[in-house]
Amino acid sequence: MSSAISVSGLYKTYATGFEALKNINLDIRHGEIFALLGPNGAGKTTLISAICGIVNPTSGTILADGHDIIKEYRAARSKIGLVPQELTTDAFETVWNTVSFSRGLFGKPAKPAHIEKILKELSLWEKRDSKIITLSGGMKRRVMIAKALSHEPEILFLDEPTAGVDVELRRDMWNVVRALRESGVTIILTTHYIEEAQQMADRIGVISHGEIILVEEKAELMRSLGKKQLRLFLQEKRGEVPEALARYELELSADGGELIYHYDTQKDRTGITALLKDLDKAGVRFKDIQTRESSLEEIFVNLVRERK
Amino acid sequence: MNLYAIKAIYLFEMHRTWRTIMQSVISPVISTSLYFVVFGSAIGGRIPEISGVSYGAFIVPGLIMLSLLTQSISNASFGIYFPKFVGTIYELLSAPVSYLEIVIAYVGAAATKSIILGVIILGTAALFVPLRIDHPFMMLLFLVLTAVTFSLFGFIIGIWADGFEKLQLVPLMIITPLTFLGGSFYSIEMLPPFWQKVTLFNPVVYLISGFRWSFFSLSDVHIGISLAMTAAFLLACILLLRWIFKTGYRLKS
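Read top to bottom, the protein sequences are chains A and B.
Position 294, counted from 1, in the first sequence is what the UniProt record's numbering calls 294; the numbers after and before it change by one each time, with no gaps.
Position 122, counted from 1, in the second sequence is what the UniProt record's numbering calls 122; the numbers after and before it change by one each time, with no gaps.
Derived from the structure by calculation, the hints contain no laboratory data.
Just so you know, these numbers come straight off a predicted model, no measurement behind them.
Backbone N, C-alpha and C fix where the C-beta goes; we use that ideal spot for every residue, glycine too.
Wrong hints could be hidden among the right ones.
What the hints assert, rightly or not - Label pairs and their calculated CB-CB ranges:
{"no.": "1", "chain 1": "B", "residue 1": "W243", "chain 2": "A", "residue 2": "G60", "range": "20 to 26 Å"}
{"no.": "2", "chain 1": "B", "residue 1": "A228", "chain 2": "A", "residue 2": "K22", "range": "26 to 32 Å"}
{"no.": "3", "chain 1": "B", "residue 1": "V119", "chain 2": "A", "residue 2": "E168", "range": "50 to 56 Å"}
{"no.": "4", "chain 1": "A", "residue 1": "N56", "chain 2": "B", "residue 2": "L200", "range": "50 to 56 Å"}
{"no.": "5", "chain 1": "B", "residue 1": "I238", "chain 2": "A", "residue 2": "E126", "range": "58 to 64 Å"}
{"no.": "6", "chain 1": "B", "residue 1": "K7", "chain 2": "A", "residue 2": "K131", "range": "20 to 26 Å"}
{"no.": "7", "chain 1": "A", "residue 1": "A163", "chain 2": "B", "residue 2": "K7", "range": "29 to 35 Å"}
{"no.": "8", "chain 1": "A", "residue 1": "E195", "chain 2": "B", "residue 2": "V29", "range": "58 to 64 Å"}
As the list claims (entries may be wrong) - Pulled a few chain B residues facing chain A out of the computed Cβ check, cut under 10 Å:
{"no.": "9", "residue": "L3"}
{"no.": "10", "residue": "I9"}
{"no.": "11", "residue": "T20"}
{"no.": "12", "residue": "M22"}
{"no.": "13", "residue": "A236"}
{"no.": "14", "residue": "K252"}
Whenever a hint applies, use it, and build me the whole structure from the sequences.
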């Protein structure tokens, strides 16, 4: 079976000479939630725009559900729904009209029941006859999502879906995303909030300076790159790390009440036993111990640093 | 052919017209009526007939053309420029529509509006001056051909424009002078011989001459030449648009 999206050898150089994408190779599986993670200006939006037909690729090929996005643009695009980052809507149209317009634009016959369902799911039903200009920013974002879903896409792109979005909308949106995934829709979202990728995604791709640095199962990524922290809560606060423990490169918390040890779970010897023994020898007593996996945030920061 | 998309864009654009009915229909009708009052009734009474046609009636085809041209251009250019300006163009670019379908929908809607407007102005004119239409079929053909051609031209301007200033520039600086100097208010035979030659480079002369012929069987240039010139301009617009869409000029980076 072909991939939902298959990108190979994609380059994009803008007229200014700026290389936004460099040799992107990426396969997105059917039915997964894929998070494209990267700092601002990394090329996330350019990549999505190239796949959706908004930006002309400089070279390379892109297939959507096996259809070339240029040669078979009709078949490719009719499968794709896009929620762009910017709130761009037809200010003077009503919610109902603009969402119905999108459905028509994507070549589908009118289906009021479907539009009604989407508007209800996105809590837009009461606003269906309101002009978009009268809606709040969060409501406009909902309209953009409704437009993207109007033609029942099989692949949905969400570009920075939660930028500037309140908690309620975020929750509604994730509910919609989960329901879509259950019905078999492939979802690709971009974000620079790592927690979001961590919560939602099956797989994560990291993009930086126009290159995909890595693509991995979320759990795998966490595991392979996962450093753990051991926090020791001391009985007595200290001004400095005891000299006898210098080789462990311990970190002392700002208030002097905790010692923090970093270790790699992939190694056979993590050094924990030795550390505990040496702590005992040095007469350091502690009241509690905590271990914690590093967050994607930390993993990501490390990855980007390694590349430089 | 993505007929649903053509229908969606066409209806969307027509809906925009009803929403802005003051600007898109009423105001051109009022301004044209003013021309009739001033040139047709007030001043026109003191101007001798031109080849047996009263001056008030003589200027009717030219005035309709003037509105048709300017309105076709402004409708079509605004129709495509506005999505570019606010950013909603993303949807058009990401939709499974061909460029031909986009053009048919936008230009079709803009031309429809202009034709409706032309007919309204014609009706208004009939209230002020006695009119006769010798060749109704040719009149209609010219009306439709001109509306379509200049809507295409407007569409091109809308794509080319990267600011509201440019959007106004071409209609104001080029189309209005060409129309005024193209024989809206006079027969080019009234010009000195030298300017008669110069004026033949003005494409609007052929439109107005041909359109006037369909009313009064009077023309400055032969009706066949008028038709050929209109068709040539139409073809030029189509070729230019083809190039624009092939290269993605001003639409895609």
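Assuming the hint says 26 to 32 Å, is it satisfied by the Cβ distance from B:A228 to A:K22 or not? Hint violated: Cβ distance 53 Å, outside 26 to 32 Å.
Evaluation of the interface hint that places B:A236 against chain A, nearest CB under 10 Å: Result: violated, 26 Å to nearest chain A Cβ.
Please check whether B:I9 passes as an interface residue: C-beta within 10 Å of a C-beta belonging to chain A. Status holds, d = 7 Å.
Answer holds if the nearest beta-carbon of chain A is closer than 10 Å to that of B:M22; otherwise answer violated. With a closest approach of 14 Å, the B:M22 hint is violated.
B:K7 and A:A163 - C-beta distance against the hinted 29 to 35 Å: Check passed, 34 Å falls within 29 to 35 Å.
Is it true that the C-beta distance of A:E195 to B:V29 lies inside 58 to 64 Å, as the hint says? holds, 59 Å
Against chain A, is B:L3 within 10 Å by beta-carbon distance? Since the shortest Cβ distance to chain A is 8 Å, the answer is holds.
Look at the Cβ atoms of B:V119 and A:E168 and judge whether their distance stays inside 50 to 56 Å. At roughly 52 Å between Cβ atoms, A:E168 and B:V119 fall inside 50 to 56 Å, so the hint holds.
When you take the CB atoms of B:K7 and A:K131, is the distance between them in 20 to 26 Å? holds, 22 Å
Restraint: B:T20 near chain A, CB-CB cut 10 Å. Satisfied or not? The hint holds - B:T20 has a Cβ within 10 Å of chain A, the shortest such distance being about 9 Å.
Quick one: are B:W243 and A:G60 within 20 to 26 Å, going by C-beta? With a Cβ separation near 25 Å, B:W243 and A:G60 satisfy 20 to 26 Å, so the hint holds.
May I ask you to test the interface hint for B:K252 with respect to chain A, counting a Cβ-Cβ separation under 10 Å as satisfied? Cβ of B:K252 sits 5 Å from chain A, so the hint holds.
Hint compliance for this structure: hints 2, 4, 5, 12, 13 are broken, all remaining hints hold.
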